[in-house]
Amino acid sequence: MTSSITTEQIFQLLSGIPDPEIPVINIIDLGILRDVKWDGETCTVVITPTYSGCPAMKVIEDDIRILLKGIGIEKVKVDLVYTPAWTTDWISDEAKEKLRAYGIAPPEHSSVDKGLLTGKVRHLKCPQCNSENVSMISQFGSTACKALYRCNDCKEPFDYFKCI
Amino acid sequence: MTIQEAKFQYLLRLGDSSLIIGHRLSEWCGSGPILEEDIALINIALDFVGNATAILGYAATVEGNGRTEDDLAFLRSEREFRNLLITEQPNGDYASTITRQFLYDVYTYYLYEALKSSKDETIAALAEKSHKEITYHLRHTTEWMYRLGDGTEESHERMQNAMNDLWMFTGELFDMDEVDATLIKEGIAPDLNTIKEKWEAHVKPVIAEATLQIPSYNFKQKGSREGKHSEHLGFLLAEMQSVHRSFPGAKW
Numbered sequence: 001m002t003s004s005i006t007t008e009q010i011f012q013l014l015s016g017i018p019d020p021e022i023p024v025i026n027i028i029d030l031g032i033l034r035d036v037k038w039d040g041e042t043c044t045v046v047i048t049p050t051y052s053g054c055p056a057m058k059v060i061e062d063d064i065r066i067l068l069k070g071i072g073i074e075k076v077k078v079d080l081v082y083t084p085a086w087t088t089d090w091i092s093d094e095a096k097e098k099l100r101a102y103g104i105a106p107p108e109h110s111s112v113d114k115g116l117l118t119g120k121v122r123h124l125k126c127p128q129c130n131s132e133n134v135s136m137i138s139q140f141g142s143t144a145c146k147a148l149y150r151c152n153d154c155k156e157p158f159d160y161f162k163c164i
Numbered sequence: 001m002t003i004q005e006a007k008f009q010y011l012l013r014l015g016d017s018s019l020i021i022g023h024r025l026s027e028w029c030g031s032g033p034i035l036e037e038d039i040a041l042i043n044i045a046l047d048f049v050g051n052a053t054a055i056l057g058y059a060a061t062v063e064g065n066g067r068t069e070d071d072l073a074f075l076r077s078e079r080e081f082r083n084l085l086i087t088e089q090p091n092g093d094y095a096s097t098i099t100r101q102f103l104y105d106v107y108t109y110y111l112y113e114a115l116k117s118s119k120d121e122t123i124a125a126l127a128e129k130s131h132k133e134i135t136y137h138l139r140h141t142t143e144w145m146y147r148l149g150d151g152t153e154e155s156h157e158r159m160q161n162a163m164n165d166l167w168m169f170t171g172e173l174f175d176m177d178e179v180d181a182t183l184i185k186e187g188i189a190p191d192l193n194t195i196k197e198k199w200e201a202h203v204k205p206v207i208a209e210a211t212l213q214i215p216s217y218n219f220k221q222k223g224s225r226e227g228k229h230s231e232h233l234g235f236l237l238a239e240m241q242s243v244h245r246s247f248p249g250a251k252w
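Each protein sequence line maps, in turn, to chains A and B. For the first sequence, counting from 1, position 16 maps to 16 in the numbering used here; every step adds exactly one. For the second sequence, counting from 1, position 86 maps to 86 in the numbering used here; every step adds exactly one.
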């Protein structure tokens, strides 16, 4: 009975699980959900953490279990994998737009990141007014994956989703 | 020494160092000098504790005695810990915390960079992940080295005092024994002499630009490889392990 649910259907269902810290994007948008497999009667869901200590992982794991149990899948296994290491490049373009609309400057491509780390490249835009005249307040924002910036034109502080 | 024994010991060294420095940094929670720094240090602490969870979890798997990462973190005594001495040194003032973190961040930056090409796939994967995070830690502490070292008269003096106190713990970062030899031969761990060259080439110019001096003494404290710690680790463990030991087997 349970195995009549295809992995595609499970992917579809899991797309309803939001990131607990940034509820406008889901775990597929974010690239956290890596795989869904059937192993006999057991449904194995493979996820990868954004940051080693990301506290959201535990919540996401629980959300996956609750959702799959709720549709009658009794045996659920959630595997946490570290390889390949998660990168912000996996965040879909659509999700980046959702981030921007939510007030978080989305990550640029990670190849641009080296320039950012050395402070030589200025490529961020304020998610409120699109100004590039921004300055960093702190490299570490409200969560490990974000840095805190301020727009020098509209004066609004904003989060930037760091490239890793 | 078998490869399995060496790997278990090596993973304890990596995992314990991350756990202890992560715990130290977490002590700043709610008492950082400014809000942004409070948040930054706690984010960094979180990265280290997350890294420790993964590495000690793998250590438990390698050991194969049914222990978990929680058993290793909360049910071992001081002499069984293998964290580097520098990681257990007290936070002191902000100058001490930043100096300790800078010296250690440069070390982990090059160590984890090398571990990315470990022949052990799990270690390589964890290193790949952590190295991205360490890059941010290092940038943060480097900025503070300049800001405080080349800052006011008082900040400079505090930074120099911190450097004088902590420099003696940098020698054992590069100590190698049978554990290292066994794993170097297998391509699992890097030769720490190569890390030492990179570490020195990196820290020296930063210390100079921060207008600080490397202490002239040659004495280097060591002992963590054999579980011989400074007096500070016992107090840290007493606090860190108290909940787990008071409620054995408790689960969140």
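Hint data in this document are derived by calculation from the structure and do not stem from the laboratory. Using N, Cα and C, we set each Cβ at its ideal position, and we do this for glycine too. Misleading hints may appear alongside valid ones.
Stated by the list, open to error - Simulated restraints on C-beta separations: (1) Asp35(A) x Tyr146(B): 22 to 32 Å; (2) Arg139(B) x Asp93(A): 26 to 36 Å; (3) Tyr146(B) x Glu156(A): 55 to 65 Å.
Claimed, not checked - Each computed BS3-like pair below joins lysine-lysine, with the alpha-carbon atoms no more than 30 Å apart: (4) Lys196(B) x Lys77(A); (5) Lys58(A) x Lys198(B); (6) Lys37(A) x Lys228(B); (7) Lys155(A) x Lys58(A); (8) Lys228(B) x Lys77(A); (9) Lys119(B) x Lys77(A); (10) Lys69(A) x Lys119(B); (11) Lys58(A) x Lys185(B); (12) Lys198(B) x Lys37(A); (13) Lys98(A) x Lys75(A); (14) Lys251(B) x Lys75(A).
What the hints assert, rightly or not - With the C-beta cut set under 10 Å, the calculated list includes, among others, these residues of chain A facing chain B: (15) Ser52; (16) Cys54; (17) Met57; (18) Tyr82; (19) Ala101; (20) Tyr102; (21) Gly103; (22) Gln128; (23) Lys162; (24) Ile164.
Each hint, compared with the structure:
no., hint, result
1, Asp35(A) x Tyr146(B): 22 to 32 Å, "violated, 45 Å"
2, Arg139(B) x Asp93(A): 26 to 36 Å, "holds, 28 Å"
3, Tyr146(B) x Glu156(A): 55 to 65 Å, "violated, 29 Å"
4, Lys196(B) x Lys77(A), "violated, 42 Å"
5, Lys58(A) x Lys198(B), "violated, 37 Å"
6, Lys37(A) x Lys228(B), "violated, 47 Å"
7, Lys155(A) x Lys58(A), "violated, 36 Å"
8, Lys228(B) x Lys77(A), "violated, 41 Å"
9, Lys119(B) x Lys77(A), "holds, 28 Å"
10, Lys69(A) x Lys119(B), "violated, 39 Å"
11, Lys58(A) x Lys185(B), "violated, 38 Å"
12, Lys198(B) x Lys37(A), "violated, 44 Å"
13, Lys98(A) x Lys75(A), "violated, 34 Å"
14, Lys251(B) x Lys75(A), "holds, 21 Å"
15, Ser52, "holds, 3 Å"
16, Cys54, "holds, 7 Å"
17, Met57, "holds, 9 Å"
18, Tyr82, "holds, 4 Å"
19, Ala101, "violated, 25 Å"
20, Tyr102, "violated, 20 Å"
21, Gly103, "violated, 18 Å"
22, Gln128, "violated, 20 Å"
23, Lys162, "holds, 7 Å"
24, Ile164, "holds, 4 Å"
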